[in-house]
Amino acid sequence: MPPARPPVITLTTDYGTNDHLVGTIKGVILRILPEAQIVDICNHVLGCDILDGALTIGQAYNYFPQKTIHVVVVDPGVGTQRRPILVSAGMHYFLAPDNGVLSMVYEKADDVVVRHVTAEHYFLSPMSNTFHGRDVFAPVAAWLAKNGQGSSFGEEITDFIRFSLPKPKTADNAVRGVVLKVDNFGNLLTNFTPDHVPQLFAGDGKFKITVGGKEVSSIIQNYSQGAPGEAFAILGSSGWLEIAMNRGNAARTLGVQRGAEVVVTLG
Amino acid sequence: MPPARPPVITLTTDYGTNDHLVGTIKGVILRILPEAQIVDICNHVLGCDILDGALTIGQAYNYFPQKTIHVVVVDPGVGTQRRPILVSAGMHYFLAPDNGVLSMVYEKADDVVVRHVTAEHYFLSPMSNTFHGRDVFAPVAAWLAKNGQGSSFGEEITDFIRFSLPKPKTADNAVRGVVLKVDNFGNLLTNFTPDHVPQLFAGDGKFKITVGGKEVSSIIQNYSQGAPGEAFAILGSSGWLEIAMNRGNAARTLGVQRGAEVVVTLG
Amino acid sequence: MPPARPPVITLTTDYGTNDHLVGTIKGVILRILPEAQIVDICNHVLGCDILDGALTIGQAYNYFPQKTIHVVVVDPGVGTQRRPILVSAGMHYFLAPDNGVLSMVYEKADDVVVRHVTAEHYFLSPMSNTFHGRDVFAPVAAWLAKNGQGSSFGEEITDFIRFSLPKPKTADNAVRGVVLKVDNFGNLLTNFTPDHVPQLFAGDGKFKITVGGKEVSSIIQNYSQGAPGEAFAILGSSGWLEIAMNRGNAARTLGVQRGAEVVVTLG
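Residue numbers (the numbering used here), protein chains in the order written: chain F, 1 to 267; chain W, 1001 to 1267; chain B, 2001 to 2267.
What the hints contain is simulated information worked out from the structure, not anything from laboratory work. Incorrect hints may appear among the rest.
[As the list claims (entries may be wrong)] SDA-like mimics (lysine to any residue), calculated; alpha carbons at most 25 Å apart, straight line: (1) B:Lys-2067 with F:Pro-126; (2) B:Lys-2214 with B:Gly-2226; (3) W:Lys-1206 with W:Trp-1240; (4) F:Lys-167 with W:Asn-1129; (5) B:Lys-2108 with F:Pro-76; (6) B:Lys-2067 with F:Lys-167; (7) F:Lys-208 with W:Asn-1129; (8) W:Lys-1067 with B:Lys-2067; (9) B:Lys-2146 with W:Glu-1035; (10) W:Lys-1108 with W:Gln-1066; (11) F:Lys-67 with F:Ala-174; (12) B:Lys-2108 with F:Ile-157; (13) W:Lys-1167 with W:Glu-1035; (14) W:Lys-1067 with B:Pro-2126.
[As the list claims (entries may be wrong)] Here are a few chain W residues that face chain B, going by a calculated C-beta distance under 8 Å: (15) Gln-1037; (16) Asp-1040; (17) Gln-1059; (18) Tyr-1063; (19) Lys-1067; (20) Phe-1185; (21) Asn-1222; (22) Ser-1224; (23) Phe-1232; (24) Gly-1236.
Ideal placement from N, C-alpha and C gives every residue a C-beta, glycine not left out.
Isolated chain F (complex conformation) (with noise of 0.2 Å):
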């Protein structure tokens, strides 16, 4: 085995994969250190949607070593004033625009630490006015992994950009949360949390989640439970209850796409 552990850099990005740009970021950073392992997390993330960016890598970056480099570019301001930001948070480190696509990791983290990237003789000359990910944040993330110095990209900052994930809101009976996703098999990631809804949890049935016009009446265990065409709740893998169906896809059944309003009525 080799004898050092190699550096992993990931990938989070809406770049698509119909073209040749995340396989020239990866060069990039091969060139520097041919030895890092680079790790796609995800380049189908939606077009210039900093959300959808910042769901992403915050539901994965905490399964990764410790130290590994996570570059995340959802960028439409890229060639602007906005700023590269390097963070440390959570034991890892953070490549990315500062227009708030890492404030699921500022949630996550307590001990955020954000700098502005300016050690310019990093980047690559010429440098595009629109591919960033290639001619900024992949040698900077591939420098960092070789020498390790976060403090010489550039002076700590405390005024970059974050936003409120969209939590849930309660009035009367009923909690109003959203679609935060729609997954490969048309489950339904809503923003709701055990701690939100527990009576959800409390196995009593007293409750309706209404979606798409629809009523979903049963939380169930496992995705098998599910009686054939029926949608039903449960609790998803990064701790957010899914609307779901067995063998089906509740998002084409109930005509619902992210961003529709998902209310739960207790009691």
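We have chain F already, so just place chains W and B on it with the hints.
Okay, now just chains W and B, sitting in the frame of chain F:
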């Protein structure tokens, strides 16, 4: 060069690539075994489709180095009592739910040993009911690669689930088979091998193939020999007869999908 | 860190990711060279589209480390007499069918040596007529990375196939070009470089661009400067003029696809 061969772990799943799932699995593996060579065989197996998963891993595994660990997660029964299994077969290892997804491996290898993975101390904790790719199969794969003692993961079983891949059936002058898969080019992979229809390969042209209500009457050696706009038969790279077109899409042209009947009439 | 740089092998193919093909290729490489760094540049080149393949590898290769081996398989002539070739150019290696898919590499590099790969003992046996990515190019790439003697794979040839990338043409006050590619964001990559239309970059606004029956009259420095709903021109990251929109999809809005004419009228 590194002093030892890095362990290879492959992934075959129906998770898709639109969210963090596959990336998170890789993180779990790398946290245990940072030098792992992780390879995606396919993360676009048709959702919950055990036959499609079986065909995917069955065509690929034998091209990997000996002792490769293949993680195969097509798992509609996740969270139920269905067993996670560790299989050794043909000098390879496989981790999968016990639902038949390794049936093609069982057909090809003659030294199959199946264990019920019960060593829960290797699983992630807390363990979800919906994402055992992350919580069960990934950590077991990494610990197996690291420690190499299959017997420490659970007892051998013999009542594992297997199914027979669909085989062509002969009646009178006709042999009836099926489209197993439509590939990226629209080629139709059928379940005929040369053994089922040796006359097709005899070169005397005394056959016709009926699929999607249309007739195919030529068998050729390479795609370029095909006349424009005409479907033909060809021996595919996994040993199955294909129906294909030269720079055309046979599935679309013939209006045929996976599962369609294919009839070879002889003489 | 490992004592030596692991060899890098890249893949650029039209195989897609819905089946085992790309995974199987990686297995073949790893069986020969387990420590290879295998990187996907793109496996979604348009099916059998040699120009799209040429543009993909041509934009990416130069960002990889020297001595990287690039496997480029867009191969409608697989199984015919078309030659497999091994090319060294610009301190990189390339393995591809001799059909012009390396034409952009030939344009960019000035030290091109092309060999006809005839050393069949490196090929897999039995060899299919339909999947030379697995049977020819993957094992040759791995053995080349392992042994490093390009000359042992076959004799140099000079009659290899190359084509010229489409270039804009000037007539009167107009320069006529074409859309080479539509990227993941719907941006239109054209074949104009600043050299073809220096007046566009002069900043005096005396030009119009016509594409899809619509006029584009502004050129800006970054995507965010674009007014909502309005298409604009911008210099893209590969040195070509792009037609794009700020958080919009130019291809969809303009009703334009790859191959569409783009006319720049000056003065």
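Checked hints:
1. B:Lys-2067 with F:Pro-126: holds (23 Å)
2. B:Lys-2214 with B:Gly-2226: holds (16 Å)
3. W:Lys-1206 with W:Trp-1240: Measuring from Cα to Cα gives roughly 19 Å; hence the hint holds.
4. F:Lys-167 with W:Asn-1129: holds (24 Å)
5. B:Lys-2108 with F:Pro-76: violated (31 Å)
6. B:Lys-2067 with F:Lys-167: violated (51 Å)
7. F:Lys-208 with W:Asn-1129: Cα-Cα ~22 Å, so holds.
8. W:Lys-1067 with B:Lys-2067: violated (29 Å)
9. B:Lys-2146 with W:Glu-1035: holds (20 Å)
10. W:Lys-1108 with W:Gln-1066: Given pair Lys-1108 of chain W, Gln-1066 of chain W holds - Cα atoms ~15 Å apart, limit 25 Å.
11. F:Lys-67 with F:Ala-174: Between Lys-67 of chain F and Ala-174 of chain F the Cα gap is close to 42 Å, so the pair fails against 25 Å, i.e. violated.
12. B:Lys-2108 with F:Ile-157: Given pair Lys-2108 of chain B, Ile-157 of chain F is violated - Cα atoms ~42 Å apart, limit 25 Å.
13. W:Lys-1167 with W:Glu-1035: violated (41 Å)
14. W:Lys-1067 with B:Pro-2126: holds (23 Å)
15. Gln-1037: holds (6 Å)
16. Asp-1040: Cβ of Asp-1040 of chain W sits 6 Å from chain B, so the hint holds.
17. Gln-1059: Since the shortest Cβ distance to chain B is 5 Å, the answer is holds.
18. Tyr-1063: This hint holds: Tyr-1063 of chain W lies near chain B, its Cβ roughly 4 Å from the closest one there, short of 8 Å.
19. Lys-1067: violated (10 Å)
20. Phe-1185: holds (6 Å)
21. Asn-1222: holds (3 Å)
22. Ser-1224: holds (5 Å)
23. Phe-1232: This interface hint is violated because 12 Å lies over the 8 Å limit.
24. Gly-1236: holds (6 Å)
Checked against the numbered hints given earlier, the structure breaks hints 5, 6, 8, 11, 12, 13, 19 and 23 and satisfies all the rest.
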